[in-house]
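Enquirer: Okay, here's what each chain looks like letter by letter:
Number of protein chains: 2
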Amino acid sequence: MPHIPDIVIGRLPIYLRALNRMLEDEQEYTSSHELGERLGISSAQIRKDLSHFGEFGKQGTGYHVEYLADQVKQILHVDREWPMAVVGVGDLGHAIAHYKGFKARGFYVACLFDTDPDKIGEKLAELTVKSIEDMHDELQRLNVKVAMLAVPAKAAQNVANLLAQAGVRAILNYAPITLAVPPNVRVQYIDPVAHLQHMTFYLKP
Amino acid sequence: MPHIPDIVIGRLPIYLRALNRMLEDEQEYTSSHELGERLGISSAQIRKDLSHFGEFGKQGTGYHVEYLADQVKQILHVDREWPMAVVGVGDLGHAIAHYKGFKARGFYVACLFDTDPDKIGEKLAELTVKSIEDMHDELQRLNVKVAMLAVPAKAAQNVANLLAQAGVRAILNYAPITLAVPPNVRVQYIDPVAHLQHMTFYLKP
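In order, the protein sequence lines correspond to chains A and B. Just so it is clear: in the first sequence, position 76 is 58 by our numbering, and no numbers are missing. Just so it is clear: in the second sequence, position 162 is 144 by our numbering, and no numbers are missing.
One thing to keep in mind: the hints can contain errors.
Since the list gives no way to pick out one identical chain from another, each pair is judged satisfied if it fits inside one copy or across any two copies.
Said to hold, decoys possible - 35 Å max Cα-Cα, derived DSBU-like pairs, lysine-lysine:
hint	residue 1	residue 2
1	Lys30	Lys105
2	Lys112	Lys30
3	Lys40	Lys55
4	Lys186	Lys112
5	Lys112	Lys85
6	Lys82	Lys186
7	Lys30	Lys85
8	Lys40	Lys85
9	Lys186	Lys40
10	Lys85	Lys186
11	Lys30	Lys101
12	Lys105	Lys55
13	Lys101	Lys186
14	Lys105	Lys85
15	Lys186	Lys105
Rather than coming from a laboratory, the hints here were simulated on the basis of the structure.
If we strip away everything but chain A, and leave its shape as in the complex, we get (with noise of 0.2 Å):
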């Protein structure tokens, strides 16, 4: 596959996300036009980003939602189930832990840790939350890729350093400090306060 910029690729799940909710309605067609009008997002981007991975839509009928929405998935190697790791168990982590909406969309937390000694041993969502100290162990057991950082933000960078070196290579950081990672782990940031702030500026005060 040619180079594919990493803006187009962040917005394939977006489009899934709108497939995905149309396949819920029994949508059986759909168009670049209705996802773009959904989304935000002018069509012909839409049949841009599209185009470097296929031809998935016929002149006059458009897409068909179902077998777009495969392709997609498998664009995104999410096909399939990723074990996820989450490091950090207070209350964003309890939330992440419960939260139901990711096998889904190809995920699912596999494992829990924290060092608190009072939250280590803890049951949450069926499994059991482990020391940091066990973490190397069970990541490579468990073949972990991806984690979800749920620490404060002083502890973030030893933990990144951690999972870099368990063979982790895919970390979701919702701590607010920006990661410093060998070239080959990717770092996605989620700091809602940032989104906050970028609203605000128009907001008159």
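With chain A fixed as given, assemble chain B onto it according to the hints.
Expert: Frame of chain A, contents of chain B only:
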């Protein structure tokens, strides 16, 4: 102020986050080079972004961290505290209500709402969960312009409509659905699974 691309505005909270960490470390000066290294953004981009708003740095000494942080806070209108509503007090709503990181960055949770009679009346982070039926009046009484939406996907559009009617102008939506809102309302999305799927594209299955 002339039109500034939204993508530039979206980077300002990231700069501010890095500046705040420097302040915590009592660092007095920084440079676009150092900021760029920390954030994985080119120094030219950072200088260009900031130049939309004025002249903040000096040749040779770079940026005064505290001054630049104060300026970016003013630009983003987070040199004050915005009262926020949280709608939906499941696991995620609990995590948001307990989160300690809002105040330092310009926000505080002012009210909590749910539809579940078992949750209405619950005490949470020194607030009482109220019924969505009381939401309109509460939001107007408290002059709430910002809301976080932590309800199931099926309920999200209806709640967004109610928020917009009550004067909310910025919604941070955790439900995995794209919302239709009036043109004077902004929405940002937090969809952890979309971020995970973005990364698994790059992983060998």
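Enquirer: Compare the structure with the hints numbered earlier in the document and write down the numbers of the violated ones, lowest to highest.
Expert: Numbers 1, 2, 11 - these are the hints that the structure violates, sorted from lowest upward.
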